[in-house]
Amino acid sequence: MLSEPARPVAAPAATGPSAPDSVTIAGLAIADITGAAAIAKVEHALSTRAPLKLGFVNAHCVNIARRDAAYRRALADFLLLPDGIGVDLGAKILRGEPFCENLNGTDFVPRLAAQLATPRRIALLGAAPGIAERAAAALSVLAPQHAIVAIGDGYFGEAGRPKVLATLASERPDIVLVAMGVPAQERFIADHLDTQHGTVFIAVGALFDFLAGNVQRAPQAIRRLRMEWAWRLGLEPKRLFRRYVLGNPQFLIEVGLDRLRPSRRHRP
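What the sequence shown shows, in UniProt numbering, is residues 1 to 268, in sequence order.
Misleading hints may appear alongside valid ones.
Label pairs and their in silico Cβ distance ranges [as the list claims (entries may be wrong)]: (1) 245 x 93: 31 to 39 Å; (2) 138 x 260: 43 to 51 Å; (3) 172 x 76: 33 to 41 Å.
16 Å max Cα-Cα, derived EDC-like pairs, lysine to aspartate or glutamate [unchecked claim]: (4) 92 x 194; (5) 92 x 174; (6) 41 x 88; (7) 41 x 174; (8) 41 x 21.
Calculated from the structure, these hints are not laboratory results. Nothing here was measured: the structure is a model prediction, and the numbers come from that model. Don't be surprised by glycine CBs; every beta carbon is placed ideally from N, CA and C.
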């Protein structure tokens with residue numbers, strides 16, 4: 001949920017589609033809505049064919065957003081959902097209460113697919129070679145009413161991008177799930193995907209790896225304790241040490257400073 005330490009900077013102006021209920025952390029307007037309300041927004045976008053970009057914000061994302069202006073700009077048109085205990089603690093520091101529901105992508109996206117009654121075309125793009133195909137097969141079991149197709153992995157580079165975009169356009173999906181990691185996946189959606197490639201675009205992080213069984217999820221008891229981040233750290237300590245062990249304290253310190261100096265939250 002977090003990242004390596006960075007020199008403190010003023011939080012930028014808020015980004016993201018305006019919402020009646022949201023909490024702004026480091027300039028990111030994170031929607032404070034239920035999963036049912038988020039699914040309703042996706043259903044509305046699909047039924048009206050109004051483009052919707054959807055992403056999930058955890059403490060790691062906030063740390064990146066504080067120092068990466070391109071990432072912040074990419075999120076300007078996203079509906080941002082709260083992911084994890086880190087942003088819940090941030091919301092409690094800033095306004096005295098957490099978000100109404102934890103909407104991490106690993107749980108939310110399968111729930112969304114299962115609850116969409118109207119059959120849709122869903123395209124998966126990203127992760128390592130072969131993972132999207134296995135994830136598509138797993139998602140098809142969870143939501144058999146949809147036509148689910150794997151477009152390819154996330155290692156196509158600039159030279160392969162035109163072919164990937166052409167394939168997406170030819171598949172004419174309703175929903176595109178992009179798994180390239182933060183901030184690459186959000187920037188890819190913002191910079192390269194539009195209505196010729198789909199209607200709803202969702203940045204899903206490690207979802208494909210979980211669906212494919214490539215990465216093991218924490219047991220339910222650990223998830224209920226909101227400690228799945230610690231489970232992941234135990235599985236991948238070298239890769240995730242900076243994100244969690246260094247990044248979590250960084251996140252809390254920065255949010256605490258935002259609370260003490262509220263003007264920082266609105267300064268460009």
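Structure-based check of each hint:
1. For residue 245 and residue 93, the hinted distance range of 31 to 39 Å is not satisfied, since their beta carbons lie about 20 Å from each other.
2. At roughly 45 Å, the beta-carbon separation of residue 138 and residue 260 lies within the given 43 to 51 Å, and the hint holds.
3. Here the CB-CB span from residue 172 to residue 76 is close to 26 Å, at odds with the stated 33 to 41 Å.
4. Note on residue 92 and residue 194: the hinted pairing is violated, with a Cα-Cα distance of about 36 Å set against a maximum of 16 Å.
5. Of the pairs offered as hints, the one joining residue 92 and residue 174 is violated, with about 36 Å between alpha carbons and a cut-off of 16 Å exceeded.
6. The straight-line distance between the Cα atoms of residue 41 and residue 88 is roughly 22 Å, outside the 16 Å bound, and the hint therefore fails.
7. At most 16 Å may separate the alpha-carbon atoms for a hinted pair to count; residue 41 and residue 174 meet this at roughly 14 Å.
8. Only pairs whose Cα atoms come within 16 Å are accepted, and residue 41 paired with residue 21 is accepted, the gap being roughly 14 Å.
Against the hints set out earlier in the document, violations occur for numbers 1, 3, 4, 5, 6.
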